[in-house]
Amino acid sequence: MQLIKAIIRPNKVDNVKEALEKIGVSGMTVTEVRGHGQQKGHTAVYRGKEYAVSLLPKMSIETVVADSAVEMAIKAIATAARTGEIGDGRVFVTPVAYSYKIRTGERES
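The sequence shown runs 8 to 116 under the working numbering.
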């Protein structure tokens with residue numbers, strides 16, 4: 008099993024969710040996060056004063072998939088989240104040794 012964590016633009020969450028559902032990935036966790044990469048923020052104006060916004064709103068999507076489905080899931084996420092501009096996001100993949108179902112106590116690996 009592999010944990011896939013994608014940091015994407017907020018307006019792309021529904022696109023990514025639909026793309027993952029099409030390939031059979033049903034479970035995911037979505038969290039509102041703030042950060043920056045190459046984009047490094049932008050300037051904004053509030054009540055006539057300019058200020059720097061260095062941490063931009065993003066969404067984090069986490070899902071665990073079988074080893075055989077990792078590349079397909081990464082491709083689905085990248086295709087659905089891509090705009091072609093700086094700030095599209097990033098996908099991280101981490102191995103998962105095992106997990107437990109809380110309700111039953113069953114271990115899955």
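Just so you know, the hints here were simulated from the structure itself, not pulled from any lab data. Take the hints with a grain of salt, since some may be wrong.
[Unchecked claim] Here are the simulated DSSO-like cross-link-like pairs (lysine-lysine), alpha carbons at most 30 Å apart as the crow flies:
1) Lys-24 x Lys-108
2) Lys-82 x Lys-24
3) Lys-56 x Lys-108
4) Lys-12 x Lys-56
5) Lys-12 x Lys-24
6) Lys-12 x Lys-82
7) Lys-108 x Lys-82
8) Lys-82 x Lys-56
9) Lys-12 x Lys-108
[Claimed, not checked] The following label-pair restraints were derived from C-beta to C-beta distances:
10) Ser-61 x Lys-12: 49 to 59 Å
11) Arg-54 x Lys-82: 18 to 28 Å
12) Thr-38 x Pro-102: 40 to 50 Å
13) Phe-99 x Arg-54: 23 to 33 Å
14) Glu-113 x Lys-82: 45 to 55 Å
15) Glu-78 x Lys-108: 22 to 32 Å
16) Ser-75 x Lys-12: 35 to 45 Å
17) Gly-55 x Leu-10: 21 to 31 Å
18) Val-98 x Ser-61: 44 to 54 Å
Source: prediction; values computed, not measured. All C-beta atoms in this analysis are idealised placements derived from N, C-alpha and C, irrespective of residue type, glycine included.
Open item on the list: Run through the hints listed earlier and report the numbers of any the structure violates, in increasing order.
Closed with: 3, 4, 8, 10, 11, 12, 13, 14, 16, 17 and 18
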